[in-house]
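There are 2 protein chains.
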Amino acid sequence: MLTYNLTNTGSDSLYEYLYKCIRNDILAGNIGAGEKLPSKRAFAKNLGISVITTQSAYEQLVAEGYIYSIPKSGYYVCDIGEGMSVTKGQKTGKSPKSQNDILAEKQEFLADFSSNQTEREMFPFTIWSKTIREVLSDSQMELMMNSPCGGTMELRSAITSYLKEFRNMDVSAHQVIVGAGTEYLYGLLIQLLGNSLCYGVENPGYSKIANICKSHGVSYQYVGIDRQGVLVPELERKNVNVVHTSPAHHFPTGIVMPVSRRYELLSWATKEEKRYIIEDDYDSELRLTGKMIPTLQSIDVSEKVIYMNTFTKTLSSTVRISYMVLPLHLADQFYKKLSFYSCTVSNFEQYTLARFMANGSYEKHLNRLRNYYQKKHDFIVKKFDTSEMKSYFTIHEQDAGVHFLLEVHTKNPEEFQRQCLARRIRLAPLRRYYHGDEIENNIFVMNYTAMGQEQMEQALKIMTDVIKNKIPVF
Amino acid sequence: MLTYNLTNTGSDSLYEYLYKCIRNDILAGNIGAGEKLPSKRAFAKNLGISVITTQSAYEQLVAEGYIYSIPKSGYYVCDIGEGMSVTKGQKTGKSPKSQNDILAEKQEFLADFSSNQTEREMFPFTIWSKTIREVLSDSQMELMMNSPCGGTMELRSAITSYLKEFRNMDVSAHQVIVGAGTEYLYGLLIQLLGNSLCYGVENPGYSKIANICKSHGVSYQYVGIDRQGVLVPELERKNVNVVHTSPAHHFPTGIVMPVSRRYELLSWATKEEKRYIIEDDYDSELRLTGKMIPTLQSIDVSEKVIYMNTFTKTLSSTVRISYMVLPLHLADQFYKKLSFYSCTVSNFEQYTLARFMANGSYEKHLNRLRNYYQKKHDFIVKKFDTSEMKSYFTIHEQDAGVHFLLEVHTKNPEEFQRQCLARRIRLAPLRRYYHGDEIENNIFVMNYTAMGQEQMEQALKIMTDVIKNKIPVF
Numbered sequence: 000m001l002t003y004n005l006t007n008t009g010s011d012s013l014y015e016y017l018y019k020c021i022r023n024d025i026l027a028g029n030i031g032a033g034e035k036l037p038s039k040r041a042f043a044k045n046l047g048i049s050v051i052t053t054q055s056a057y058e059q060l061v062a063e064g065y066i067y068s069i070p071k072s073g074y075y076v077c078d079i080g081e082g083m084s085v086t087k088g089q090k091t092g093k094s095p096k097s098q099n100d101i102l103a104e105k106q107e108f109l110a111d112f113s114s115n116q117t118e119r120e121m122f123p124f125t126i127w128s129k130t131i132r133e134v135l136s137d138s139q140m141e142l143m144m145n146s147p148c149g150g151t152m153e154l155r156s157a158i159t160s161y162l163k164e165f166r167n168m169d170v171s172a173h174q175v176i177v178g179a180g181t182e183y184l185y186g187l188l189i190q191l192l193g194n195s196l197c198y199g200v201e202n203p204g205y206s207k208i209a210n211i212c213k214s215h216g217v218s219y220q221y222v223g224i225d226r227q228g229v230l231v232p233e234l235e236r237k238n239v240n241v242v243h244t245s246p247a248h249h250f251p252t253g254i255v256m257p258v259s260r261r262y263e264l265l266s267w268a269t270k271e272e273k274r275y276i277i278e279d280d281y282d283s284e285l286r287l288t289g290k291m292i293p294t295l296q297s298i299d300v301s302e303k304v305i306y307m308n309t310f311t312k313t314l315s316s317t318v319r320i321s322y323m324v325l326p327l328h329l330a331d332q333f334y335k336k337l338s339f340y341s342c343t344v345s346n347f348e349q350y351t352l353a354r355f356m357a358n359g360s361y362e363k364h365l366n367r368l369r370n371y372y373q374k375k376h377d378f379i380v381k382k383f384d385t386s387e388m389k390s391y392f393t394i395h396e397q398d399a400g401v402h403f404l405l406e407v408h409t410k411n412p413e414e415f416q417r418q419c420l421a422r423r424i425r426l427a428p429l430r431r432y433y434h435g436d437e438i439e440n441n442i443f444v445m446n447y448t449a450m451g452q453e454q455m456e457q458a459l460k461i462m463t464d465v466i467k468n469k470i471p472v473f
Numbered sequence: 000m001l002t003y004n005l006t007n008t009g010s011d012s013l014y015e016y017l018y019k020c021i022r023n024d025i026l027a028g029n030i031g032a033g034e035k036l037p038s039k040r041a042f043a044k045n046l047g048i049s050v051i052t053t054q055s056a057y058e059q060l061v062a063e064g065y066i067y068s069i070p071k072s073g074y075y076v077c078d079i080g081e082g083m084s085v086t087k088g089q090k091t092g093k094s095p096k097s098q099n100d101i102l103a104e105k106q107e108f109l110a111d112f113s114s115n116q117t118e119r120e121m122f123p124f125t126i127w128s129k130t131i132r133e134v135l136s137d138s139q140m141e142l143m144m145n146s147p148c149g150g151t152m153e154l155r156s157a158i159t160s161y162l163k164e165f166r167n168m169d170v171s172a173h174q175v176i177v178g179a180g181t182e183y184l185y186g187l188l189i190q191l192l193g194n195s196l197c198y199g200v201e202n203p204g205y206s207k208i209a210n211i212c213k214s215h216g217v218s219y220q221y222v223g224i225d226r227q228g229v230l231v232p233e234l235e236r237k238n239v240n241v242v243h244t245s246p247a248h249h250f251p252t253g254i255v256m257p258v259s260r261r262y263e264l265l266s267w268a269t270k271e272e273k274r275y276i277i278e279d280d281y282d283s284e285l286r287l288t289g290k291m292i293p294t295l296q297s298i299d300v301s302e303k304v305i306y307m308n309t310f311t312k313t314l315s316s317t318v319r320i321s322y323m324v325l326p327l328h329l330a331d332q333f334y335k336k337l338s339f340y341s342c343t344v345s346n347f348e349q350y351t352l353a354r355f356m357a358n359g360s361y362e363k364h365l366n367r368l369r370n371y372y373q374k375k376h377d378f379i380v381k382k383f384d385t386s387e388m389k390s391y392f393t394i395h396e397q398d399a400g401v402h403f404l405l406e407v408h409t410k411n412p413e414e415f416q417r418q419c420l421a422r423r424i425r426l427a428p429l430r431r432y433y434h435g436d437e438i439e440n441n442i443f444v445m446n447y448t449a450m451g452q453e454q455m456e457q458a459l460k461i462m463t464d465v466i467k468n469k470i471p472v473f
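Residue numbers (numbering that gives the first Met the number 0), protein chains in the order written: chain A, 0 to 473; chain B, 0 to 473.
Below, computed lysine to aspartate or glutamate pairings styled on EDC-like, alpha-carbon distance capped at 16 Å: (1) Lys-335/A with Glu-34/B; (2) Lys-336/A with Glu-182/B; (3) Lys-336/B with Glu-182/A.
Just so you know, these hints were derived from the structure itself, not from any lab.
All chains, please: the whole structure from these sequences, using the hints.
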């Protein structure tokens, strides 16, 4: 159990001192997000103080958004940290919480703009269930045959047809490697390309890339971006070999890389043999407005682009199917070097998805999804578009995909974030995706995919109340 | 297309020379297993020789088991290589073969004793389908909630209950990490334990371990075994930190590690901080005879054993679900270091399996499976137990699990293997699992799980015919 020395509280009252001890431990990461605090009673007994004192300290922490309470369960630490923090329910625990507890905790948020979770209502349960049933009855033999390491031909063919039709990409099934999520495929790529290369991680960017490099023990460099995307001279200067980028919709800034920068990037890659571009097209299917820009892969004539995409954004974050398209010479190396690996996606899901794509259900689903997100997008953008709201908030990069940046006009964005959290609204500051601290703190990445209109409306009202009443405006 | 210079055939006839050229390319691995050879006609035209000549060369190669023909399709290279060879249909090809072609090829074998594929008839399709339907209708909300990185609590709890009941292991769900196959979990372990450790790979053993180490760029050493299992002094001598072993049923020799060696191994591990044992319990569920020996994990009091197991053996090799049980201090490190990874098994399969285990279906399935394999085992062992058969074949290590070693009394085991292959019986020589060449060649690893009785009977008859008529006996 947490223990603090309360013999010297200075000028603070006992409860203030205790509140500061816990707060500092949360800020320092000594107590992780989702961790349960001791019960008021047990804590008081352990520290030799009154229950009223622990209660007051906890109430202060709740009010400031450091912890939250679940009735009949206890007090839990909020996720306020930078970068990757430990997921709720995973850190503590010789006796882990039941999934129901975890569900209860997650539902505690009125609105969670930091979540990349897909919306339950949008998963095509009926047609997906029907497809599973068909596969289970029609394809028993295929279901029991080991999948080739790159995935079943059925799924890979469905993917190549899809890429041809919707991304105008001419690739063969041979080049497509299916795997259980993009993170897994990055691990495979590191094994394929080798430990000696230097990986370029966009800053700001998808922070897991750096984590994956680190845990594989390969070197990586942060590379800055400007309004057109990744800075090519910096790639040169930092001796990067392999750069990860999302030209269609940069994460998290939402920047769409113009064609000139794309060619500059391709030109960089062709200058040396061991240079590659990983094009992460993670949400191109959900692009709501504007013309589709051709993928880097489709304008690459030098086998320099590794294209990646995923079904976790369009189907469900809980269906773990992603794929990459390797240039031909890398595909050959893959089969030579890594074909000993079994495909990580089970046949049951591979055949279900292949059928779902081949019979047109995926296309219908995408259309439905785009319409749905478009409505949501228009709704939330319109909400921010009143003269009152404009004095507090500015939306940036709202044109592509299903998240946008929100600038909050406040001098104390951390306090704003905490106050929102205390009211069960979770926000993800943009600086979380930055390495170093060169960025203003008052921009938040707003992911609204998992949120209903009513929820958004309530959340916006609360955010406005917070900024109107509590937070000093610039 | 293949091209050879046929201007100087020496004393060979043209067809003999061509046959040798192709054979040498197959043996050298220049033409991979499953690769399609040019059609007789096109090949003849390309080389400027007669169709009869190419046909004769191909016929010779078929007779010797280097290639096989599929009617109306063409000639394909057999899998005769050592160790890991390229999977059929994956190497060649800007225009990959359809899955149907691949199916047709695989069915070409009358009996494939080298396959670890599970038998289609034994997959519990009816109850599995029912369970999926229940999950799809009852658990839509849970299906859409991101799984914790180690797996859903439902599945992890089902696994801990199973381990308690059947392996007498006391572990918490917190220690269980679910992943898409054992190979994937090894990759995670390497990331968890670090690149600087030396991994011990049993020789003979599960050859993928060395492949995984190699492709992760970590150092590894082969460690010999004797009749009791891995040689502990060799671990010391070679400065191994982490050793992979299967005490319950060594792969491929079938050795069961006695308790004395288990304690010797544990004692080795406790001598230094950075020493661990990976206990791969891959087929303990299928142990057919004899008493279960306690797992290393359950007699380990020093947090030195990482326990691994899989559902790919008992459900289907095409369902990619495995798990590991980490010692508490490693579980803590895992959550700290690697919890940014999403779980690689989709929620749909996690919840289906959890329910399948919790409602007793898995236990029933295992009982059914054991009975079934027991019958098969008894059948094949009995077949080999006649005085005629005994003069040609000796079975070793038949007590545990679902494969055994077959010693063939012949001076020319390669020829025996080739003659069998020409008759569509695929055998896996034990030396394939050895690093180096210190082993006699006349022992084969016989995996019979995917085979029916009739098939086994036919195969044995052909193997006996081959050895009686063609191969010199010792």
